[in-house]
Amino acid sequence: MKSAHRATTVVVAVASLLAACVAGASAKSVAGEATVTISVASLIPGSTPAAVKQFEAQVKQFEKANPTIKVKPVEYQWTGPTFTAKLAAGTLPTVFEVPFTDARALGDRRQLADLTREVKALPYYSKFNPVVLAEGTTSSGKIVALPKGAYAQALHYNRKLFTQAGLDPNKPPTTWAQVRAFAKQITEKTGKAGYVQMGKADNTAGWILTTVTYSLGGRMQAGVGANARATLDNPQTATALNLLKSMRWTDNSMGANFDYGWSDINQAFAAGNVGMYISGSDVYTNLVQASNVDPSIYGVTTIPVAKNKTAGVLGGGTLVAVRPDASAAARAAAVRWIDFYYLRPLVTKPQAIRNAKTLVAGKQPVGVPALPIFNRAQYLLANTWIKPYINVPQEQMKPFTSRIFDQRLVPEPAVATQAVYHSLDTVVQAVLTDRNANIPQLLQQANSTAQDLMRRAT
Amino acid sequence: MGAVDAMGDSNVGAVSAARTLPARARRRQRRTPVTWARNGGLATLLLLLPTLLVFGAFSWYPIAQTVIMSLQSTNLVDAPTWVGLENFRTVLDDPLLWTAVKNTAYFAVLALIFGYPVPLIAAVLMSELRRYRGVYATLAYLPVVIPPVVAVLLWKTFYDASSTGVFNTTLGWAGLGPYPWLQSASTAMPSLVLEATWANAGATVIIYLAALTSVNTELYEAASVDGASLWSKVWNITLPQIRGVLLVTMILQIIGTAQVFLEPYLFTSGGPNNSTLTVLLLIYNYAFANSLGGDYGAAAALSLMLAAFLALFSLVYLRLTRSWSTE
Chain B
219 MKSAHRATTV VVAVASLLAA CVAGASAKSV AGEATVTISV ASLIPGSTPA
269 AVKQFEAQVK QFEKANPTIK VKPVEYQWTG PTFTAKLAAG TLPTVFEVPF
319 TDARALGDRR QLADLTREVK ALPYYSKFNP VVLAEGTTSS GKIVALPKGA
369 YAQALHYNRK LFTQAGLDPN KPPTTWAQVR AFAKQITEKT GKAGYVQMGK
419 ADNTAGWILT TVTYSLGGRM QAGVGANARA TLDNPQTATA LNLLKSMRWT
469 DNSMGANFDY GWSDINQAFA AGNVGMYISG SDVYTNLVQA SNVDPSIYGV
519 TTIPVAKNKT AGVLGGGTLV AVRPDASAAA RAAAVRWIDF YYLRPLVTKP
569 QAIRNAKTLV AGKQPVGVPA LPIFNRAQYL LANTWIKPYI NVPQEQMKPF
619 TSRIFDQRLV PEPAVATQAV YHSLDTVVQA VLTDRNANIP QLLQQANSTA
669 QDLMRRAT
Chain F
133 MGAVDAMGDS NVGAVSAART LPARARRRQR RTPVTWARNG GLATLLLLLP
183 TLLVFGAFSW YPIAQTVIMS LQSTNLVDAP TWVGLENFRT VLDDPLLWTA
233 VKNTAYFAVL ALIFGYPVPL IAAVLMSELR RYRGVYATLA YLPVVIPPVV
283 AVLLWKTFYD ASSTGVFNTT LGWAGLGPYP WLQSASTAMP SLVLEATWAN
333 AGATVIIYLA ALTSVNTELY EAASVDGASL WSKVWNITLP QIRGVLLVTM
383 ILQIIGTAQV FLEPYLFTSG GPNNSTLTVL LLIYNYAFAN SLGGDYGAAA
433 ALSLMLAAFL ALFSLVYLRL TRSWSTE
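Chains as they are written, first to last, in this note's numbering: chain B, 219 to 676; chain F, 133 to 459.
Certain hints may be false.
[Unchecked claim] Derived Cβ-Cβ restraints for the label pairs, each shown as a range:
id : chain 1 : residue 1 : chain 2 : residue 2 : range
1  : B       : T300      : F       : L185      : 26 to 32 Å
2  : F       : R375      : B       : G264      : 48 to 54 Å
3  : F       : A342      : B       : K271      : 25 to 31 Å
4  : B       : K271      : F       : L285      : 22 to 28 Å
5  : F       : I253      : B       : Q662      : 37 to 43 Å
6  : B       : T300      : F       : G388      : 53 to 59 Å
Keep in mind the hints are simulated off the structure, nothing from the lab.
Note that the Cβ used here is the ideal one computed from N, Cα and C, for glycine as well.
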């Protein structure tokens, strides 16, 4: 018995020693490598093989130009809940994207790496639109994120359904009354949903409701910082909800599904089941990359804006940030990648052309409408460089591109933005699923919830 | 051979020594660490160590951390601060807590009414079959094999609320519908229960089928001689004979339904208008719904409250049903 026990003990001890040796060896070999490896947010899950191939081609170009940096693409899509889970678990890639709404607060809480030194060394640093750069700058002046792109909310519409419904696809609606009438006509003539709106409880329902409220002249918050006050129960939000209620319950022009999120509303649109919907002006890229939209059906116009002094178009954008625990070498490599992939195509002609060529070869969209993250002159100049490569249906985008610069752009609510949107999610859901929803009461409840969340955030 | 002989001798010696020693002396001998090690205690501990480490790292450490976190305020970046019972107060003051409790109870009741008898009936019917029993058991178990996320996504397309949805088209042939399924506060929860029953019944069917094989067939034969009907046999023989298993599956189902998360999360995200918000989804929302870092303290506090409730409930349940299950 004794010898058997001894043998077991020896086996366990040897196995443990071996395991320790193997672990030590692998750690040593990683530390000894000269190259630095960074993981970067690539495309959203479900992107087409062509889009993935195009991204990989860009990675190869980058690695060729930077032989000491190895890039590991990671599928990535920002959503409120998944981002927090990844942030808490420490599983975000080295380079990742966050919306305008979150970067500053995350930076203030030291959840993003300080990139100030690296960013100020970029040759085009002075050309950044200061308002846009401020979105990625903390209250203490540290730059923690760089802009990837800015958008204005837009009304996307299906030109084919417009034609089938007897509407002129070159004359999209310019008022909310027209949106309602057009939606009704589309449903009556084609059987498809005339107008749909995101209704998922992942903050998107609140985001779109805020967009409509802004277009009518309302705001979700008043005051700034610790003095900010929730104003979700404003008359314009009530009007927006009543419009929704009429389209849903009186006209029955919103189809049968009311829980669309950002991705699945794009899929429904690309599948030809949606007449009109609101999303960012740059959504065409996703419609091509993830939903294979037929370009001929696509149309986009500006959000109908009421004729009052406060009415405007909600604008937002995406920033690129780096994990706070990235080493100095990884941080420098990350900024190089951001420079190569996101920014250089907007400021240097050879890179812009090379990027456009790669995109065109990969059958990816070039020339999607966006807002300038550098000054407007730079934006227009960059567009002239890539003009021969533009492959998006620009004529069909004219109702948007010809009007957007004349419109008043309004930033998203400043305090606890996503939490405020989340408070509004249930209001939108109630209106879309309950014929007898009490709008004033729902708004009052949402306002009280939002006020509490804003208080906790400040 | 020599080693075996030696082992045999030592065993014989130990047994005879134990026989001759008084009881107190034997106890004292067992307590000595050297004797414990000599008798194989060290090897036992070493073999147990991996399991202890895995359990410690992945079960007990997180549980201890949850208890600590429920008394702290943390964003997982800055140093946490102690807040006493503040997190528990936050949870109890949240009006959504009672919505979540009510919804979870509703899910549990619906799952008990529809989900509990279905596997039992299926198992009894299958056990009556003489041929192809294995095929039916496999068919019943198949949904369990399908990854739960895939199953939910599949059912989500079935539940399409338009008249062209799979269920609505099928029901339309009989002149029924279209129904809103997940798009209405009143039908969303029953829709989740329907899918959950389909997805989980297979595993319980297999347990019942195994339990049914242990029922003495002579009892059925005697009942047949007495002219008992099928229903009478099931009621008077089958159910009493497998009552121990029935009680265990019931408590497991109640614990499982109290922790329902996958279906409301993937199907509806708690909507429409919080009608499918369950306790576990609320815990998830506390921790993760706010993209700027959630209220992990409140999430931990509610997790502990749920665990305490389920432990208490299980104790009461086992105490109340003890006599019935061992009769």
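Hint-by-hint comparison with the structure:
Hint check: T300 (chain B) to L185 (chain F), Cβ distance near 31 Å, so the stated range 26 to 32 Å holds. Look at R375 (chain F) against G264 (chain B): about 49 Å separates their beta carbons, and that is inside 48 to 54 Å. Take A342 (chain F) and K271 (chain B): their Cβ atoms lie about 51 Å apart, and the range 25 to 31 Å is violated. The hinted range of 22 to 28 Å is satisfied by K271 (chain B) and L285 (chain F), whose Cβ atoms lie roughly 26 Å apart.
Against the hinted window of 37 to 43 Å, the Cβ-Cβ separation of I253 (chain F) and Q662 (chain B) comes to about 48 Å, which falls outside the hint. The given range of 53 to 59 Å is broken by T300 (chain B) and G388 (chain F), whose C-beta atoms sit roughly 25 Å from each other.
Checked against the numbered hints above, the structure breaks hints 3, 5, 6 and satisfies the rest.
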